[in-house]
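When you get a sec, could you build the whole thing from the sequences and use the hints?
So the sequences go chain by chain: A and B. For the first sequence, the numbering used here begins at 1 and goes up steadily by one. For the second sequence, the numbering used here begins at 1 and goes up steadily by one.
Worth flagging that the hints you see were computed from the coordinates, not collected in a lab. Nothing here was measured: the structure is a model prediction, and the numbers come from that model. Do not take every clue at face value.
As the list makes no split between identical chains, a pair holds if one copy fits it or if it spans any two.
[Claimed, not checked] Derived SDA-like pairs: lysine to any residue, alpha-carbon spacing no greater than 20 Å straight-line:
#: 1; residue 1: 44; residue 2: 54
#: 2; residue 1: 94; residue 2: 112
#: 3; residue 1: 30; residue 2: 62
#: 4; residue 1: 94; residue 2: 114
#: 5; residue 1: 94; residue 2: 110
#: 6; residue 1: 30; residue 2: 67
#: 7; residue 1: 44; residue 2: 119
#: 8; residue 1: 94; residue 2: 72
#: 9; residue 1: 44; residue 2: 16
#: 10; residue 1: 30; residue 2: 64
#: 11; residue 1: 30; residue 2: 68
#: 12; residue 1: 94; residue 2: 111
Number of protein chains: 2
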Amino acid sequence: VPRRSPPRSKAAARRSSCPIAGALDLVGDKWTLVVVRDLLLLGKHQYGELAASPEGIPSNVLAERLDRLIGAGLVAKARYSDRPPRYRYTLTEKGAQLAPVLGALADWGERHLPGTRRPAALRRAR
Amino acid sequence: VPRRSPPRSKAAARRSSCPIAGALDLVGDKWTLVVVRDLLLLGKHQYGELAASPEGIPSNVLAERLDRLIGAGLVAKARYSDRPPRYRYTLTEKGAQLAPVLGALADWGERHLPGTRRPAALRRAR
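Following this line, the structure appears as structure tokens:
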């Protein structure tokens, strides 16, 4: 008996037609936008650099998030060394356009969370 | 033997001093900002209204998120009927100031997620 699962388009997989809910389907977790922050604002492009951020992302979570971001077209992965194999991660234009989301979160956090301070790169971009 | 757990201030509980990571500690999940959207933009203030949103939030998740938002000072809960007991949920000023985060997510989603369309209330507020 062949296994059949109904085909689901990306749109059908969304929770609703709301673009806020749809965006949160992709980036609505505690780690994804931290990785986007590192790629966009902190000049980190190698796996080891991303893994070394002060938030201490678990390695399996980082690998899963990068794969998901690549699958959604927000991140590109390019091999820059064959021996040993090394990869460079960069945001696509679609991924880079999350900048205003990061900016709004940083504004809110800085205003309401005592002791936080936006990264220097975000202060310059303000 | 008394159980002792080291006291952790709110700041110490944060992953880092980054306001983006700190904001995501509070709202970095797929449901919280959907609830904030309903309260801020869609005029929903009762538990049943929030539970009836098209995204289909599970009731236990909605109850947990409301409790967390109240605990963090983003939502206020007021009893408006004694028999039967009924409550009204509203955003505090701190919670309402997440509006630019919602706006940025809606902008990004509408641009990049085919088939999504921002709620009418967000179109007016654009």
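*From the Cα coordinates, with 20 Å as the cut-off, is the pair residue 44 and residue 54 best called within, between, both, or neither?*
within (13 Å within a copy, 38 Å between copies)
*Within a copy, between copies, both or neither: where do residue 30 and residue 62 come within 20 Å Cα-Cα?*
both (12 Å within a copy, 18 Å between copies)
*Check residue 94 against residue 72 for me: Cα-Cα at most 20 Å, and say if that holds within a copy, between copies, both or neither.*
within (9 Å within a copy, 32 Å between copies)
*Quick one: residue 94 to residue 112, C-alpha cut-off 20 Å, is that within a copy, between copies, both, or neither?*
Classified as between: cross-chain Cα gap 7 Å, same-chain 29 Å, threshold 20 Å.
*For residue 94 vs residue 114, is the C-alpha pair at or below 20 Å within one copy, between two copies, both, or neither?*
Result: close only across copies, 13 Å inter versus 32 Å intra.
*How would you label the pair residue 44, residue 16 (within, between, both, or neither) given a Cα cut-off of 20 Å?*
Answer is between: at 17 Å across copies they meet the 20 Å cutoff, but 34 Å inside does not.
*Classify it for me, residue 94 with residue 110: is the Cα-Cα distance of at most 20 Å met within a copy, between copies, both or neither?*
Classified as between: cross-chain Cα gap 12 Å, same-chain 26 Å, threshold 20 Å.
_My question is about residue 44 and residue 119: at a cut-off of 20 Å on alpha-carbon distance, are they close within one copy, between copies, both, or neither?_
Within one copy, since 13 Å is at most 20 Å while 36 Å is not.
*asked:* My question is about residue 30 and residue 67: at a cut-off of 20 Å on alpha-carbon distance, are they close within one copy, between copies, both, or neither?
replied: both (16 Å within a copy, 18 Å between copies)
*Identical-chain pair category, residue 94 with residue 111, by Cα at 20 Å*: Between copies, since 9 Å is at most 20 Å while 28 Å is not.
*Are the CA atoms of residue 30 and residue 68 at most 20 Å apart within a copy, between copies, both, or neither?*
Result: close both inside a copy and across copies, 14 Å intra and 15 Å inter.
_At most 20 Å between alpha carbons: which applies to residue 30 and residue 64, within, between, both or neither?_
both (13 Å within a copy, 17 Å between copies)
Every hint, counting from the list given before, is met by this structure.
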